[in-house]
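Using the sequences provided together with the hints, build the complete structure.
Here is how the chains run, residue by residue.
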Amino acid sequence: MKRLNRRDFGVAVAAAILLPVTTARADDTNLEIHIDNFTFQPAELSIKVGTTVTWTNRDDIPHTVVSAGKFRSKTLDTDDKFTFTFTNAGDYKYFCSLHPHMTGMIKVE
Amino acid sequence: MSGHDHGDDGVNRRKVLECMTWAGTGVLWTITGGVPRSLGIIDSAKAATAATPGMTFLQISDSHVGFDKPANPNALGTLEEAVNKINAMPVKPSFMIHTGDITHLSKASEFDNADRIISQSKLDVHYVPGEHDFLDEEVKFYRERYGRGTKGAGWYSFDAGGVHFVGLVNVVDLKGGGLGNLGAEQLAWLEDDLRGKSKSTPVVLFAHIPLWTVYPQWGWGTEDGGRALEYVKGFGSVTVLNGHIHQVMQKVEGNVTFHTARSTAFPQPAPGAAASPGPMKVEDAKLRSMLGVASINFKQNEQRLAIIDTPLQG
Chain A
1 MKRLNRRDFG
11 VAVAAAILLP
21 VTTARADDTN
31 LEIHIDNFTF
41 QPAELSIKVG
51 TTVTWTNRDD
61 IPHTVVSAGK
71 FRSKTLDTDD
81 KFTFTFTNAG
91 DYKYFCSLHP
101 HMTGMIKVE
Chain B
1 MSGHDHGDDG
11 VNRRKVLECM
21 TWAGTGVLWT
31 ITGGVPRSLG
41 IIDSAKAATA
51 ATPGMTFLQI
61 SDSHVGFDKP
71 ANPNALGTLE
81 EAVNKINAMP
91 VKPSFMIHTG
101 DITHLSKASE
111 FDNADRIISQ
121 SKLDVHYVPG
131 EHDFLDEEVK
141 FYRERYGRGT
151 KGAGWYSFDA
161 GGVHFVGLVN
171 VVDLKGGGLG
181 NLGAEQLAWL
191 EDDLRGKSKS
201 TPVVLFAHIP
211 LWTVYPQWGW
221 GTEDGGRALE
231 YVKGFGSVTV
241 LNGHIHQVMQ
251 KVEGNVTFHT
261 ARSTAFPQPA
271 PGAAASPGPM
281 KVEDAKLRSM
291 LGVASINFKQ
301 NEQRLAIIDT
311 PLQG
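These protein sequence lines are chains A and B, in that order.
Residue numbering for the first sequence follows this note's numbering, starting at 1 and increasing by one per position.
Residue numbering for the second sequence follows this note's numbering, starting at 1 and increasing by one per position.
One should not assume that every hint holds.
[As the list claims (entries may be wrong)] A short, non-exhaustive set of chain A residues, derived as facing chain B with CB atoms under 8 angstroms:
1) 37
2) 61
3) 75
4) 90
5) 93
6) 97
What the hints contain is simulated information worked out from the structure, not anything from laboratory work.
Cβ coordinates follow ideal geometry from the N, Cα and C atoms, glycine included.
This is the structure we're talking about:
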């Protein structure tokens, strides 16, 4: 019973946090970026606070997703994923630390 | 006629691996009159080796042990084929350099496997790391195996056959939007390392990513590579060797010659020839026309390199 209560509590908290910003489409809280041909697609994304973004590496070469001081994925082999939830507004420039010419940007408002 | 049977059923797996081996053997170098000179890849170099006295050394690169995707499902196997060719050489090279990406994912098992195969050459091997060798969390596997006696992230120098060799690391502290990077500490060390050396001493710089700008759109260059090249400008003979781009390219700039090496694992496209620099997947039957042999003949004071490209199938 104790476990169930805690889970319910968690769901309630998550709902309370998410509700104010879920005025747009429901899937806006979960967005995906694919790594294809050494590029982040889409390379630029505007999201709302509380959105979770998942990067998937679809190349045969490993990549990383790194935003200096903000987040850093482990090395993503083919089909590996990295997920980050943006809880603060701001511009998040990020890149692949193995192939630094690969860059992307998340605008959080 | 090539002497090979290429029926409609395509090239079988064994022949594909044969091609991969051709693509990925090593480059043999000799020191003639104190100047490094390429004798081409091992097979074409065999005859030349027998006739050429003096020190020879070998370069292999981009073994990517652990890579198992369709472009080459057995990167360890093609590395072993390359080492077998090295062992079959009539004259044993003095040593070997490996210009990085020994492994694909920096796993301990990948380093173990690479070491087991490369050590069969029974040659001293001087390594520099590629970005694929620094993927473990603490970046310790490469350093524990190959970093003994090196500075910083793994740079060092040594002398052999009257030539000053410098192994550089340009795969750490990469900045978003940038290229390969040597960094201030390494550049200061390099300047110091070269200070006091006679300008007539031939210098060989080797690193993983090209020190010259090959194709910045794919990150094929080193942000501060020009600084390193400044330090060697006054020397009479400078040879710069690297891997990373999995294909042969040369350039001459004054007394500096640049050479890139093939991979022992998989080919990569020519700059801009594909959507990305990723592994080039080709049909088995097409592979022979896309892989080949390049022999390079370089003599000091000649402005042009003689490059002979020989595809395996016309």
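Okay, the hints, checked on the actual structure:
With 8 angstroms as the threshold, the beta carbon of residue 37/A comes within range of chain B, its nearest partner Cβ sitting at about 4 angstroms, so the hint holds. A distance limit of 8 angstroms between C-beta atoms decides the matter here; for residue 61/A the minimum to chain B is near 6 angstroms, and the interface restraint holds. Evaluation of the residue 75/A hint against chain B yields a held restraint, the C-beta minimum of about 4 angstroms falling below 8 angstroms. Given the 8 angstroms rule on beta carbons, the hint for residue 90/A is violated: about 16 angstroms separates it from the nearest Cβ of chain B.
Proximity of residue 93/A to chain B holds as hinted, the smallest CB-CB distance being about 6 angstroms (cut-off 8 angstroms). This hint holds: residue 97/A has a C-beta 6 angstroms from the nearest C-beta of chain B, less than the 8 angstroms allowed.
Hint violations for this structure: number 4 only, all remaining hints satisfied.
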